[in-house]
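*Asks:* Chain by chain, the residues:
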Amino acid sequence: MLSFVEHLPVLVVVISLLSAITIFITGWINKKTAWYISTATLLSQFISSIFILHHVMTVGPIRYRLGGWVPPWGIEYVMDALNAYVLVILLFLGLVCVIYSKRNIDHELPDKGVSFYTVYQLLITGLCGITVTGDIFNMYVFIEITSLSAYALIASRGKIALKASFTYLVLGSIGACFFLLGIGFLYSVTGSLNIHDLSLLLPPLYGNRVVLAAFVFFIVGLSIKMALFPLHTWLPDAHAFAPAEISAMLSGIIIEISTYAFIRVAFSVFTARFLQSLPVFDILCWLAAAAIIIGSVLAISQTNLKRMLAYSSVANMGYIVLALGLSISARKAPWGGLNPSMMHILNHALMKGCLFLVAGAFIYKADLWEIRDFRGLGRRMPYTCAAFVIAALSMIGIPPSVGFVSKLYIILASIEAKKFFFVPVLLLSSLLNLIYFWRVIETMYMKRVEGKDSAHTSHELHLQKEEIPLGMLAPIWVLASLCVIMGILWLANIPIPLLNQINSTFGLGGIR
Amino acid sequence: MKEEQGERDVIIETVARVMIPFIQLFALYVIIHGAGGPGGGFQGGVVFASGFILYIIAFNLAGGRKRFPESANTILSSVGLYIYAGIGLLAILFSFGAAQYLNYGFIPFTSHFEENRALGMDFVEMGIGITVMAIIASIFFDLAEKDEKQKEGEDG
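Each protein sequence line maps, in turn, to chains L and C. Mapping the first sequence onto this note's numbering, position 340 (from 1) lands on 340, and the numbers just tick up by one. Mapping the second sequence onto this note's numbering, position 101 (from 1) lands on 1101, and the numbers just tick up by one.
Any given hint could be a false lead.
Heads up, incomplete: computed chain L residues facing chain C, CB under 7 Å, no partners named [to be verified]: (1) Val5; (2) Val10; (3) Val14; (4) Phe24; (5) Ile25; (6) Ile29; (7) Arg65; (8) Gly67; (9) Gly68.
Just so you know, these hints were derived from the structure itself, not from any lab. Backbone N, C-alpha and C define an ideal beta-carbon position, used for all residues, glycine too.
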């Protein structure tokens, strides 16, 4: 007899799919139902994901055999500490974005609300599917579902967004092809697609060229999906022209779920022992360092806020991958193993989610895209701008915010791994972050509105308060306050048992 | 538009009239035999939709739209997915949580476990067939209607 919680991994995926088509039908009758159904679904999914996380922490991993078929033949859904944690983050940001989107979508995509929420639920279905599955081919299918809905959502604004979406489509398909080739190679040598089964069958074949080629294909394919530095070219346009909540989801969740897929492939399909025998993770560290520096420098040169944030995402993916690259050499408790990369996955989702939602708020209220137009916004939209400042300070790495914690732990990990080169890289990137975020903050608060006619009108402009509606402000502030609260929680080591469990699953970190 | 309707090809119309029922019957055959033989919901659905496409090519777009309106398209594409996902959920409901999702054997269609499993797969194939049919038809309609609009624009 399966307990209720053990059914949740599959129900999380299925109710999302069912709600997508329900929105499609009911939206045809009444357009206003779409948001309510979507929010209710995401809320129930989020609560389920917390139940799953609790079950995984207290009882142990959940293994769910779809259709009752025994694993190597049937598809299996596996929840361990890693994907339970990622699932909670993903559904939390999904929920926050959908609450935000109620007013924003009416403004950005009038008449397209129903199709937006339908595709949004499909996106959530795909993301949940990637997270819960324990079958590598199933993971590929869900990656495709996610990407297809993401292409549609990015293109939803039309015109220039179509080009951005098409670039992403072409590159994303190439990435998916590489991933599929990798799966095909592994299948040809082992005859299995189940992740756990593969991890048992692969060790004797580690010297095999086909296995090595498969691993390279996985790295290249998923690097495109997670926008790792030389393959990031699709990202800035896609982030800049999508609707605000989709930019937040893209930057905070979609590229990070690809990172999750990479972690799953690297540590569950292959093992830490395999990775230690190859220089792959060292190469990834260097690529990540290049991503951090070049992403930040390119961010400085941007005049459009959303593009600047998009390049900052490239740099932040660099942090996550750098932390990942150090994970097999650093072992001490708070920063060893996957800890820093896991932390930064959550931290980046909070910070960048908040920043993109604020950028969307500026577009919603005053159609402001360019940073130089932000003069006087600090007075006009005080609460929104305050949230922006908190998230920006967090990105720069002011203690006790989340950005500080991840940077600190990545630095400590690189010192422990004796890769001292990355310490100045991280410090330099903090400085670069300071430059490009300070520029925005300065424009918002310090630069006066240049009144061409008289000082009188400019004075009036200063005093006008045009705050965004509460339905948009509340999600922004939830994320902004979590930037600080989570930072304190990380520093107080409260979530460490969870991270230790993730590390022990893969034989990393302090537990040997 | 009227001129176009005037240009009717007797051979194509007659052949289409004869062929369409057989195409649709063959589609149903492919869908039903999906679980046990070559074919399946997707292929059957595509074949079924190609019946509609033949109708539109042989007659005209407006007539095809009348026989397969937008509302039917929306509902059928969702209904197929409901069947597809819902049958799996029924397995959990009927066994009170003892069986996994998609474990069709526990749905009491008949008294036999294996027969239930086979029937469950058949229903899923039907669901897939309905959705694929509706979606392929709607893709065709979208493309054709856009073409029609462009032609009208050129004429005007």
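*Asks:* Mind checking the CB of Phe24(L) against every CB in chain C and telling me if the closest is under 7 Å?
*Replies:* holds (5 Å)
*Asks:* Going by Cβ atoms only, is Val10(L) closer than 7 Å to chain C?
*Replies:* holds (4 Å)
*Asks:* Hint check: is the beta carbon of Val14(L) less than 7 Å from a beta carbon of chain C?
*Replies:* It holds, given that the least Cβ distance between Val14(L) and chain C is near 6 Å, below 7 Å.
*Asks:* Using 7 Å as the Cβ threshold, decide whether Gly68(L) counts as touching chain C.
*Replies:* holds (4 Å)
*Asks:* Under 7 Å, Cβ to Cβ, is where Arg65(L) needs to be relative to chain C, so tell me if that hint holds or is violated.
*Replies:* Cβ of Arg65(L) sits 6 Å from chain C, so the hint holds.
*Asks:* Any CB of chain C closer than 7 Å to the CB of Ile29(L)?
*Replies:* With Cβ-Cβ at 10 Å, over 7 Å, it is violated.
*Asks:* Please verify that hint: Val5(L), Cβ, nearest Cβ of chain C, below 7 Å or not.
*Replies:* For Val5(L), the interface hint is violated, since the closest Cβ of chain C sits about 11 Å away, which is over 7 Å.
*Asks:* Holds or violated: Ile25(L) as interface residue toward chain C, Cβ cutoff 7 Å?
*Replies:* Status holds, d = 5 Å.
*Asks:* How about Gly67(L): closest beta carbon in chain C under 7 Å, or not?
*Replies:* holds (4 Å)
Checked against the numbered hints given earlier, this structure breaks hints 1, 6; the rest are met.
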